[in-house]
Amino acid sequence: MRVKNALVRGPGDSFVEVFSTLTVSVFALCCLLPFAYVFFVSFMPYTEYLENPLKVIPSKFDLTAYRQMLGYKLIQSGYQVSVFTTVVGTILSVFLLVISGYPLSKTNLKGHRFFIYMVLFTMFFNGGMIPNYILIRNLGLQNTVWALIIPGCINSFNLILMKNYIKSTVPETLEEAAKIDGANDIRILFSIVTPLLKPAIATMTVFCSVGYWNNYFSAMLYLQDRKLWPLTLVLRELVVENTSAVSPVTQMLTSTHRSHPFTLKMAAIIVTITPILIVYPFMQRYFVKGISLGSVKE
Amino acid sequence: MRAIPSFEIGELRRQLKYFSNNKYLYLLLLPCVIYYIIFNYMPMYGLIIAFKDFRFSKGILGSPWCGLENFKYLFGLKDFYRVFGNSLTLSLLRLVFFFPVPIILALMLNEIPFLRYKRLLQTVIYLPYFISWVVIGGILVNLLSPSWGIINSLIKALGGEPVFFLGSDKYFRVIALISYIWKQAGWDTIIYLAAITSINPELYEAATIDGASRTQRIWHITLAGIKPTIIILLLLSIGNIMNNGFEQIYILQNSSNLQVSEVFETYTYKLGMVNGRLSFATTVGLFSSVVGFILLMIANWIAKLMGEEGIF
Amino acid sequence: MFKKAISILLCIMVMVTALIGCSSGKNTKEQANSVEETTTTTTENTGTEEKKEVIEVTTILQVNPEIVLEDNPVLKKIEEDTGVRLIVEAPPLNDFGDRVKVLVSTGDMPDFFIYGADVAAKQWAQEGLLADVTDKIKDYPNLVSNISKEQYGDTMLLEDGRIYGIPRPNSYDKWGFLINKKWLDKVGKDVPKTVDEFIDVCRAFTFEDPDGNNQDDTYGVSFGAQQNSMDSGIWHLYNDFLSTAYGISSWHPGMPDVDGSFKLRALKSKYYDYLTLLKQLYSEGIIDREFITHKSSENIEKFAQNRVGIVGASEKNYTTQIIEKYSLNPDDYVYAPPLTLDENSKPVYVLPPSNWMAFFINAKSDKIDAVLKVLDWGNSEEGFVTMQLGIAGVHYNKYDIETRTVERTKEQAEAVAKVTSNMMAFANAYKGKEALMGGSTPETIAKWQKESAAADAVTRKIYTPFVKMIDKIAVEFPDETQTLNSLEVRYVTGEVQLDELKKFIEETWKVKTAAIAKEFADFMAKNPVRIED
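Chains as they are written, first to last, in this note's numbering: chain D, 1 to 298; chain H, 1001 to 1312; chain C, 2001 to 2533.
Pulled out of the complex, with its shape left as it was, chain D reads as follows:
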């Protein structure tokens, strides 16, 4: 196989490869810049940042901001809540996307258009904060972790993408064969269709988990108890300029004990995105694949 592949390689192939690699690398370098900046500034004493705001490499790694942040009680509970809502929410979300995306991908199913309209409509129209609050209160979900998980567990955008992916990936012949063998739709979905959806499921896992991880709005609206605050909400609070600035108590502690809010903000970003970054490669395997050209399959 290799030999055959090599044989058909023309000069155009090398050009495309070199050009693509270079272009994407340059773009990636630009993208790395803000992240690297945030990363290094979070370890930099603020005075050093002040001297030169575009300085990237700190003279020494200063952990004050991280130490200060991890000392807060709310951060610990926030981590637990965030991990719980993200894991449970993502599983629930992806499951719902698969089971609803499958029937929606059947364009000949009666009522198909109605259901799609039903989904699309909500992408544009929603009742707003007050009715949502009242709904969650009436359902008794107020001030529970479920208020962070259940509202928003089906994202219309994701559902449309899922339906679209199933439609373009799953060959109908496969399902028909299974139907002739006497399998029902549910069995077909789980034993035949789902294995083909790995890339889509991985993508949706990324989208849903990032969505849950970054969501603070539901927490703001539906929670009273600060112990249920997810991490993002806690960190967002910690870095508000005026929360720490106005307190005479904090005024008395000079910068040797506390980080400047700016450094804290940068450290907060790193603390928030690290878990997502660790999980990402496991999902990425499924949708960033080896080159399919020349089909060196085995």
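Derived from the structure by calculation, the hints contain no laboratory data. Note that the structure is a prediction, hence the values are computed from the model and not measured. Hints are supplied without guarantee of correctness; some may be wrong.
Taking lysine-lysine and the DSS-like style, the derived pairs with C-alpha atoms no more than 25 angstroms apart in a straight line are [said to hold, decoys possible]: (1) C:Lys2136 - C:Lys2431; (2) C:Lys2279 - H:Lys1170; (3) C:Lys2101 - D:Lys227; (4) C:Lys2503 - C:Lys2279; (5) D:Lys73 - C:Lys2076; (6) C:Lys2263 - C:Lys2279; (7) D:Lys110 - D:Lys179; (8) D:Lys110 - H:Lys1304; (9) C:Lys2122 - H:Lys1270.
Residues from chain C that face chain H, not an exhaustive set, calculated with beta carbons under 10 angstroms [to be verified]: (10) Val2104; (11) Lys2122; (12) Arg2408; (13) Glu2488.
Just a sample of chain D residues kept apart from chain C, beta carbon distances all over 10 angstroms, derived [what the hints assert, rightly or not]: (14) Leu29; (15) Pro53; (16) Lys106; (17) Ile116; (18) Met283.
Where is the CB? At the ideal position from N, CA and C, for every residue including glycine.
Let chain D serve as the given structure and place chains H and C on it in line with the hints.
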């Protein structure tokens, strides 16, 4: 009660048979339908605030009706039309210059021969998505500063006059566009990459045997394979034309570029802040939703006319 | 037919979900009832073994995220001293207003809550949601003594003279400027007193390389720019040290014009002079031109970075908010009072009554007296000190209310940050002064005392009432407000000629705002300013 004509009974029987044949499909859809009814459609009555004079003490249902008063106020604002134009300009610029970028990036990523390096690059380009606009804005201010920024140092080194990029309405749109690509494009490649994985590898094999060049394969197989995805995302972006993303614009906006940087969202936000009317925000939201929805319908219809799949 | 089947299905589902909704709604109501029943039950006080009546009061406060509310000693102290147990909800500070608005509009308003006296509060007062406390205040001595009549002007939300909330008193905010003394020495100049001297110093700071790095990278002054409201980028308290010389204070419309009359900002006699001055500074390049892009405190940052030599500063906290926050050497910087136009006139501090938000009480609450009792306690000396500094002996060793100095260890200072803050406190000033002033080291405090007293000695203080009708301009004429802002800024940056600005003000803006201008002048005639030399 009239007797039911027999042909209708036959029809009903056929329907029931269809239903029972497909009962599992409907069963699979049931949780989704229930979810949408409870969490999306039950609170939908909130939209009527747009037609009401909202009173905190009476709630949404109890507040008195005021007809189209809120809309009259909105359309009566003199600046409204200029701001509306700014919004559309920015959205169209994004459709033309931003929308293709993730597609091109995904296609290029797909052509990179080293798997590990490719994954690394993909991870790196998705990173900026996680950095908030406030921080990106701070970095931009430092980069573009006429007195201290790197870009202007370069310009000065090359003998040019420093440019006050953020303080002038000439550069606002370009900066908004470039920074949007910077932050968002990498993240958006994920969808296209997933779509590329669904392309049957045998197609490439066949094309290779037929002597198709690399670029031809990219064009006729990869791009053609992700076309349905591209169209869906294009339709959704057209439906999204009224949304410029409040945060980014607000961060890059200042009094001297207000002429072009004031978009629908920032303008109505400021008005909402000063007049404090809850109904106003809903009115604005409803207006942009209706516009977006109609545009989506039209775009979908055109897509279908052109023989494409469309959303439904 | 199929549609019928679907619609029947949907109907059934809607009914089922409605039933679920109703039944759970009933549950929450029952829960609410049971909570109410327990609110006034007697609870056992473990310490004293005697049974004591405790009233539970629900509240929304601004609480810093590091504060722990469970077993909070300050809340316990409130309960001991007043017999009121506070059930505190602490919403995210970033979304505080949204959360409060949702709770108010869904009937979940607590017994009392903190909020700013803005348009929303006004609407709540109009709708009768807020308790009218006008006649009750006199029964609470600390609410009378620690909050002045002028300060209550803030919570007179409607034009009926009634008081709809208890303000959280704050100390006066005086705006002068901070200047880099090292730079002054380098260019051989004195701290400027007049606008001309100021321009002179700005030029020197820009062109004479005051930091000695042989690079053209410094400016005289940087301004703050207001971004989050309908105000244009050139009006900011940070700029008041300069604009008050022209009889204009950015946010305090109660400043009389040079002839002693009261006019709207754009109609003041030296309005064009001030804008022209800014235009001159801008075109000469001796101010940091980027000030129009500032979003928060970039001007302070640039000052701390030694990029600019002058920055507007608040007299009461420049040591903590600038010098200590950015770890600057106190000896290198000097605080100075506002500028004047000529040597014979006095610098002016414009001082409206100072509050930091206000406490509003639910009109439907049956515990209004308990709420007032707690707020009264918070305005007493003991309550004030407890809420600001924690428990005596635990969080501090000794506190002198006269000199506002505290003796506490580093550990105590860190411990109190988890217990209370001035954001959570019911009063941020006792008899006009905050709990701690001047800085964290005796040297800084001494420097602050010296400089602020020196500035006080030479300044004229204009005490103004709360002026609320000015806000109506932006509400009623949003487009004109925006146009004026845009013209002002573009005149300063040189994109628009003075004629165009003048024409707009004379022909459009002045006409539209005439009624409000009259209302304002009438109000000022009834509520005269007090001038202290």
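Hint by hint, here is what the structure shows:
| no. | hint | in the structure |
| --- | --- | --- |
| 1 | C:Lys2136 - C:Lys2431 | holds (21 angstroms) |
| 2 | C:Lys2279 - H:Lys1170 | holds (20 angstroms) |
| 3 | C:Lys2101 - D:Lys227 | holds (22 angstroms) |
| 4 | C:Lys2503 - C:Lys2279 | holds (18 angstroms) |
| 5 | D:Lys73 - C:Lys2076 | holds (20 angstroms) |
| 6 | C:Lys2263 - C:Lys2279 | holds (23 angstroms) |
| 7 | D:Lys110 - D:Lys179 | holds (19 angstroms) |
| 8 | D:Lys110 - H:Lys1304 | holds (20 angstroms) |
| 9 | C:Lys2122 - H:Lys1270 | holds (18 angstroms) |
| 10 | Val2104 | holds (5 angstroms) |
| 11 | Lys2122 | holds (8 angstroms) |
| 12 | Arg2408 | violated (35 angstroms) |
| 13 | Glu2488 | holds (8 angstroms) |
| 14 | Leu29 | holds (26 angstroms) |
| 15 | Pro53 | violated (8 angstroms) |
| 16 | Lys106 | holds (15 angstroms) |
| 17 | Ile116 | holds (14 angstroms) |
| 18 | Met283 | holds (30 angstroms) |
When held up to the earlier numbered hints, the structure conflicts with 12 and 15 and fits the remainder.
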